[in-house]
Amino acid sequence: MNIFPSSPLGRKLLYAILLFSGVFALISSFLLICHDYKQNIKQLNARFDIVQKSYLPALGNSVWDFDDQLINHQLNGIIHLPDIQYARLQSNLGTTWYAGELSLTYQEKKQFELFHDDEQVATLTVIANMGSIYSDLVSKAILILLMQLAQTVLIGLVIYWLVNQLITRHVVKITDFAERQNFSAPNDTLSLDRNRSCNDEIDRLVQTLNTMQQRFRRDLLTIEQQQTKLYNNIAQLKNAEQLAQLGWWRLDPTDNTVFWSKEWHKILSMSAKATASHQAFMDLIIDEDAEQISVAFDTLFQQHQSFNLEHRVRLATGEEIWLHHVAQVSHHEDGYFFIGTIQDITLRKRNNQQLELVLRVFENMNEAVLITDGQQKIVKINRAFTDITGYELSDLHGSTPSILNSGRQNAEFYEKMWASIQEQGHWHGEMWNRRKNGEVFPEWLKIATICDENNKVLYYYSIFSDISEKKRTQELMRFQANFDHLTGLPNRTLVFERLTNSVKLAKRANQEMAVLYIDLDMFKLINDSKGHLVGDELIKQVADRFKSVIRSSDILARVGGDEFVIIANAITPEYSAELVADKLQAVLKVPFMIGNERLHTSSSLGIALYPFDGIEAGTLLLKSEQAMYQAKELGRQKSHFYTDTMQQAAKRRQLVKEAMLYGLEQDEFYVQLQPIVCVASNKVTKYESLARWNSKTLGQVAPIEFIAAAEYFGLIDQIGFLVAQKALIAIEKINTATHQVAQVAINRSIKEFSSTQVMPLSELIKQSNVPPSWVILELTESVLMIEQLTNNHEIFLLRDMGVKIAIDDFGTGYSSLSYLSKFPVDMLKIDRSFIANIETDPSARRLIDTILKLAEGLDLETVIEGIETQAQLDFISELGATYYQGYYFSKPKRVATLLEEITRSVSD
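In this text, residue positions in the sequence shown follow the working numbering: the first is 1, and each later residue adds one.
Keep in mind that the hints are not guaranteed to be accurate.
To be verified - Quick list of in silico lysine-lysine cross-link-like pairs, DSS-like style, CA-CA up to 30 Å: (1) K638 with K683; (2) K436 with K380; (3) K638 with K524.
These are computed hints drawn from the structure, not numbers from a lab.
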């Protein structure tokens, strides 16, 4: 006897029992394992706590004491804790100690920071081996799972045997009976092999099956009759579907059954097994058309009103198609039904849409389109064509495109164009055409052909765009790239190109030419003090004056903010470079009137000659610029021809610049003080601070060299700031040592007053411990510079603070008399050049006497510079000078030297 017969139902039940029991076993096993794992982790964390509480303090002290033996002993103690495998200690100084061996798997790492007196000294890393924990867990898991598996299998087999005896074997017999049934012929009734009637579900199932067998036999004949009728209808519909290539549907309102034809399924990409229903079709209709179709069907079903619509559906594939949908009510002897057809019109719709799109694009293109037939007669234009040319189609119909001819292109141009069209089928390029109003305009034109299958031209089409604005933009960009926007003069780029051409012409004609490089003196001062609008207007007026004195064949260019270049072509003895330079200098001597402002400027001018100084444009520009710098160093308002020594000077100037930048970073600049002595008492009452520089790379650099270079490279404000800062510190130390009040004179140039890169002198004094009355401000500029300072806020602020104002080198520049009454001057310093010949030159004596009397009349103090002999001192004493300075009393000295001398004199 087969205790466990093969039974699909029994097997499913067994599988379900095994699955449920297995899942339950896995969950319960997992929970037990998780509980054990947590306990193990808790124990491991407890060992980490032991490390932290028991070992960390001692280790911190050991690291602090750098006790290697004790550290290794302590680390060995840590790794002997259960599950602790490896310990590593790394001090903040980079020293590392470790104990144990490090495995690559199943690690748990913990880091501790070690402190000594609240200062972290090291980091301890402890690594535990999780291998033993995981091994115990795996063993427990295997044992639990095996026990649960044995229990599950035993219970499942018992249940499987019971189900088979009570249910499965009877179900098998019922199934065999059902499979043997043939309702068209008589058959046996169903009976089961059971000892007694149980009156249970199986008995009732047997009775029901026998009753059903009898009912099916009675209804079979009726079904066959209806089926024959239905087959006839279906055959008719299939014939109609094949003839019309339409999909159709039928809905019976009596039971709402729906039929879909084979073509219907094909159109809607539905499986033949898809359930036909009205709602299934409605679900395919896209949202935009759903309301319209819903209303149409409601009207059909309720009012029997047919519809004829086009709408869209979305197939299961995601594709969207168009349908032509027709539906109506159909009556027959037993009542009525609804029938409809659909046809896929997607291709037709798309073609129509594409055609409409092409027409819209054609009409709304920004480019003009013109179409001609094979004989070049115009047949179609778009809106852009009318907008660009002004022509309507009615103006052009039957004409050829030659009506647009501007006359700008010659016959050869058109011959090449048509040759390209005939050979390649297309042409493109730039062309000038004429609008209806006669205006000529540029266009970018493309011409192509449309041919038939025999390559016969049916149509020509032209597409063009008006590029007038592009042309204007290109011209503007060309101007901006080559011309100065303020003056309209050529810029550096264009002047180089034109100088290159001039050199070629001069070489070809064996002529000489000159390049004059001009830099306006002190333009930055005017620009900063008067504003950029005044500065721009001054540049334009200077350019106009320059243009007025050169020939039309010469070239004037603006190559920088205040720099100009003039190319004097074909110079001759009658029109020499010197003559041009003199004219340029002369036109700047007349004051400029800008608004109510009366401004002066001058220029430093460098000259390079072709072919003597160079035969290339770049060389001539460079050498003329170097000559200009030399002219500026000679005192401005000068013209200078290039010499070979300038190349060395330029290299030296660059070396000085690099050394100065380094010197500013390394504080190489220092101050020397030269005493200023009272003539009456012969006591030192003031000091002039003088900038000195001992360069690491250049050695001791003369002030006349590095100050000029600093002004040239824009570093004078930084050097001046350092000198002023050191001078204030020096005078504080001197007055503290002498217990007297002496003043310190600080030289400042106008560039320093217009600088925004360093702290103003007034702020520097406020931040120091020096009273403003200890400070004398020396202005080293000429009257032209002073004119720009008359409204300088910083000067008047210093004066109000109590700082004295002195004019240095008085009498060596322009006449200063008209400004002495406008400006808050306290002192005049008379330049040493007036003293040099005072013993032998009576005119020098008279000049000094005049200046001193002028100062006395204006209540100004005077300082005579450059006193080197007793005779000079006696003379200025007789004339009534207030103070003097010079080598006769003392050379400039370092502050430390002065303080040593003062200390010795005080102690003596």
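Open item on the list: Checking one constraint from the list: CA of K638 to CA of K524, max 30 Å. Satisfied?
Closed with: holds (18 Å)
Please verify whether K638 and K683 have alpha carbons no more than 30 Å apart.
violated (42 Å)
30 Å Cα cutoff - pair K436, K380:
At roughly 17 Å apart (the allowed maximum being 30 Å), K380 and K436 satisfy the hint.
When held up to the earlier numbered hints, the structure conflicts with hint 1 and nothing else.
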